[in-house]
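Using the hints provided, position chain C relative to the given structure of chain H.
Protein chains: 2
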Amino acid sequence: MNGAQSLVATFLASGLDTCFTNPGTSEMHFVAALDDQPDMRCVLCLFEGGASGAADAYHRMSGKVAATLLHLAPGFGNAFANLHNARKAGAGVLNVVGDHATYHLGYESPLRGDVAGVSGAISHSVITAQDAGGVAADGSRALRAARMAGGQISTLILPADTAWGDGGPAATAAPPPALPRPDPARIAAAVHALRQDGAALMVGGPALHGPGLQLAGRVAQAAGATLMAPLLVGRIGRGAGTPPLTRQAYVVEENVMVLGNTRAMVLVGADRPVSFFAYPGKPSLPEPPDCAITDLCPPGWDVVHTLEALADALGASAAPQTITQAVPDIPEGPLTQDRVGRTLAALMPDGAIVVDEGITSSRGASMETVAAAPHDWLHTPGGAIGGGLPNAVGAAVACPDRPVIALTGDGSAMYTIQSLWTMANERLNVVIIVFANRGYQILRLERMNLGLGKPGPNAMRMFDVMDPDLDWQAMARAHGVASARAEDCAGFADALRTGLKEPGPFLIEAVV
Amino acid sequence: MNGAQSLVATFLASGLDTCFTNPGTSEMHFVAALDDQPDMRCVLCLFEGGASGAADAYHRMSGKVAATLLHLAPGFGNAFANLHNARKAGAGVLNVVGDHATYHLGYESPLRGDVAGVSGAISHSVITAQDAGGVAADGSRALRAARMAGGQISTLILPADTAWGDGGPAATAAPPPALPRPDPARIAAAVHALRQDGAALMVGGPALHGPGLQLAGRVAQAAGATLMAPLLVGRIGRGAGTPPLTRQAYVVEENVMVLGNTRAMVLVGADRPVSFFAYPGKPSLPEPPDCAITDLCPPGWDVVHTLEALADALGASAAPQTITQAVPDIPEGPLTQDRVGRTLAALMPDGAIVVDEGITSSRGASMETVAAAPHDWLHTPGGAIGGGLPNAVGAAVACPDRPVIALTGDGSAMYTIQSLWTMANERLNVVIIVFANRGYQILRLERMNLGLGKPGPNAMRMFDVMDPDLDWQAMARAHGVASARAEDCAGFADALRTGLKEPGPFLIEAVV
Chain H
578 MNGAQSLVAT FLASGLDTCF TNPGTSEMHF VAALDDQPDM RCVLCLFEGG ASGAADAYHR
638 MSGKVAATLL HLAPGFGNAF ANLHNARKAG AGVLNVVGDH ATYHLGYESP LRGDVAGVSG
698 AISHSVITAQ DAGGVAADGS RALRAARMAG GQISTLILPA DTAWGDGGPA ATAAPPPALP
758 RPDPARIAAA VHALRQDGAA LMVGGPALHG PGLQLAGRVA QAAGATLMAP LLVGRIGRGA
818 GTPPLTRQAY VVEENVMVLG NTRAMVLVGA DRPVSFFAYP GKPSLPEPPD CAITDLCPPG
878 WDVVHTLEAL ADALGASAAP QTITQAVPDI PEGPLTQDRV GRTLAALMPD GAIVVDEGIT
938 SSRGASMETV AAAPHDWLHT PGGAIGGGLP NAVGAAVACP DRPVIALTGD GSAMYTIQSL
998 WTMANERLNV VIIVFANRGY QILRLERMNL GLGKPGPNAM RMFDVMDPDL DWQAMARAHG
1058 VASARAEDCA GFADALRTGL KEPGPFLIEA VV
Chain C
578 MNGAQSLVAT FLASGLDTCF TNPGTSEMHF VAALDDQPDM RCVLCLFEGG ASGAADAYHR
638 MSGKVAATLL HLAPGFGNAF ANLHNARKAG AGVLNVVGDH ATYHLGYESP LRGDVAGVSG
698 AISHSVITAQ DAGGVAADGS RALRAARMAG GQISTLILPA DTAWGDGGPA ATAAPPPALP
758 RPDPARIAAA VHALRQDGAA LMVGGPALHG PGLQLAGRVA QAAGATLMAP LLVGRIGRGA
818 GTPPLTRQAY VVEENVMVLG NTRAMVLVGA DRPVSFFAYP GKPSLPEPPD CAITDLCPPG
878 WDVVHTLEAL ADALGASAAP QTITQAVPDI PEGPLTQDRV GRTLAALMPD GAIVVDEGIT
938 SSRGASMETV AAAPHDWLHT PGGAIGGGLP NAVGAAVACP DRPVIALTGD GSAMYTIQSL
998 WTMANERLNV VIIVFANRGY QILRLERMNL GLGKPGPNAM RMFDVMDPDL DWQAMARAHG
1058 VASARAEDCA GFADALRTGL KEPGPFLIEA VV
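As given, the protein sequences belong to chains H and C, one line each in that order. For the first sequence, the positions run 578 to 1089 when the working numbering is used. For the second sequence, the positions run 578 to 1089 when the working numbering is used.
Only chain H is shown next, with the shape it has when bound in the complex (with noise of 0.2 Å):
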């Protein structure tokens, strides 16, 4: 076995099966060892933000590490802002970056670049092999890292050298260590805080979906305090069977509001509530000053363990009153963000998965699912516009049996399109609905937040996507993806409807 060989046995050997790729010459060695494992699941990007973010996704909807397959310096750079997006999901990820061997560093070629640095913004754990026999062993800690805290960012940086010299045996990677856990003082001064008027239990990460979110529920419930979420999450469990659940908004002046009676707060798996951009003359902090933030288990912590001990501390064994299922009417009529939404909440089929980067534009459809069938729901946590087709690509593979619809704005679509490729060329079923209002409307809305008056021509030139519009059936097909226009109700619940029954990927281009 050379080096490469050895990583790919090693990272089977330990359960890491799945691998998106965007390789070059300098990985070449390592698509070999790929080649000769069957196993291995290999899905092409175009793109390494296409990689980055499907693996983001594979991540929260399976709990399991994928790798990235990245080429030097500039791939990695490609990879950034949804590794970024990754990472505040609080998403495991294994970025495979190759390099030119180790003798070649010391020369000035075209692609020498700072692979450690660029790696080392965003990763919890950037290892670089040093020679072809310790890969394994190197691989094996970076898959650990990648699984540590829940998940993580790591980087293993493979010269082409050590790639193809001799490797030495696969190895099987370590366990995790045990996530940390608040002591029992701390939970019954959480209980103490909990049971106040006026409480509210943040949560995230495990706490948002699966028996997570009912053991979340439970707790809130018990102790009388609203249970919150943060604005953006990984994942979130929603629709019929959930327990009500309170999120942050964008807006400060409507986070302040949905904060303002909160004179408790304790957080498990969330991080301290936060304007999402500052202002000027309005506060970063959203929640009263008076309030009192318990800051109980940090994401990365053992979330459901904290969970248990304070549903033990409050007797809360009672199940939580949860979300009745209320499917409403296909609505008729010109189309709107709001019946885009309702008629989604019709037609959602049971356990699909919804990809929101709809921005400005998916509102409606949060508001209007609220009471659909169960479903997940993931949005861009990190903020980094284009994640969202990439997020869908991963979600597909992780799941091939429950139907994906991705929100997407024609904006926010434009970053990372390639992925519409991905999704042709796996077959993943995934709805993509793109709400065409022809601009990037966050940043008109943003201009009237910091009261900077009506914008003129420069900035009307930032603000729209338009002359010439976009012709998305024409991107649809580009890509080798079926597609349909909507411009009123009727049309979209027809196209909706003929998404979720087509194997492989639909494109709705949704006229707002």
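I should point out that these hints are in silico values taken from the structure, not numbers from a laboratory. Positions of the beta carbon are idealized from the N, C-alpha and C atoms, including for glycine. What you were told as hints is all true, and nothing was included just to trick you.
What follows is a list of derived Cβ distance ranges for each label pair: (1) Pro752(H) / Gly640(C): 54 to 62 Å; (2) Pro977(C) / Leu1077(H): 43 to 51 Å; (3) Gly858(C) / Ala590(H): 29 to 37 Å; (4) Gly592(H) / Gly1030(C): 26 to 34 Å; (5) Pro754(H) / Asp1046(C): 43 to 51 Å; (6) Glu909(C) / Ala590(H): 52 to 60 Å; (7) Asp1046(C) / Gly592(H): 32 to 40 Å; (8) Arg1074(C) / Gly592(H): 52 to 60 Å; (9) Lys1031(C) / Arg618(H): 19 to 27 Å; (10) Met1037(H) / Tyr680(C): 24 to 32 Å; (11) Gly1030(C) / Pro752(H): 32 to 40 Å; (12) Ala590(H) / Lys1031(C): 20 to 28 Å; (13) Thr1075(H) / Pro1045(C): 12 to 20 Å.
Over 10 Å on every C-beta distance to chain H, these chain C residues come out as not near it, computed from the model: (14) Ala726; (15) Gly727; (16) Gly745; (17) Ala747; (18) Ala755; (19) His769; (20) Ala799; (21) Pro820; (22) Ala890; (23) Pro911; (24) Gly941; (25) Cys976; (26) Arg1062; (27) Gly1068; (28) Thr1075.
If you want the footprint, here are the derived chain C segments under chain H, 3+ residues with CB under 8 Å: (29) 592 to 603; (30) 622 to 634; (31) 846 to 854.
Only chain C this time, still in chain H's reference frame:
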């Protein structure tokens, strides 16, 4: 004036009047300041790599520094790969990156990230504005840094409160320090080296186009040395009226042959030759072991002065022999890469700018156009894929009266395909020739170069961009660009004529 306004005024007062933008909320006051100044040309790019690649080629063609406007760490990440190319091209780029307000950075907001870390991994200079009153001075220092050493990557991090707070008066960027020059003894030694049998003058930067290239040709001719250049360069003057020049080769064995008779090499504005990648058992250094290398004038030193000093010492007064224009007939029959090149040579207008990211596909075009009408040719000197279309944007903005011809592969075009929209939005005269070979041909070749045998299913999945085929005419239409598909020489010639004649961008799918 607020800080942002003082910054824009500083830029305009210092001769920076073009900004390639992909802004977000944290840059909104900078956007408003740009809006107040109609003299500042703002070009919207739908992805940050489009902005950085455009600024790169803008500098290569105009010699002027443009700004990019980027949104926090993820936005910089998206710009990274094309800044790598710009750095290797010796281009000056000034990145203005917004960040959260200074007081907001203490909180874990979604977009909080390591802006200094990611920008430090590629920039020559990073300046973080500390307060609004100092932004004008910071901006003038950052612009000066971008103009140093002939052109550098300079980054100004602009926390939002330094943009909206009270700014000081506009500043003017001081001129950059004089470029270093080799001392007379080194010049004399280089002259001695150049007069030897088997001498080569390896040049880069300003020695590769315009008067610098004529001067380099004069020096080489007077010394009896071979005029040479690296494989990938930022800009090279070619065609009728330019001195004959030998470029290094990509394949190691070919490059060893190209340099096989070289006994002495003098470097002026170029790095020493090195293989593009390392391969087992193949040399990193392609020149013969007994070839003496004189590193007379590193990139970033005073190349033109050095050539003038060499010309003086050699008594090189005679104009160099140059290539006589030889326009071929338009070929007939099925389309091949060489025939694309010959047709291009036949129809190339005087003063065309060819942006070449054709990778394996544009070799024929490069060879066939050696004696075409005078033109400039731009490579992707950092080897980071995704430079081509953004470079075409920047070249066309810099030189509105010259036709731009972008050669790209179907694999490489997909990295930054959004640049098509900017070409349409700005009505740029760019003819995009897509060599549709349905995959990463370079990877297929590299696998052979490495002796790794016939690829299996996993490798093929990583090399092929087919299933589905990309539909290039639909891709053009999606972005508002007119197009044609050419399967034979007559069709290609017709399409090229149309593209060169019609205003605005035109895409040709060349089925080869």
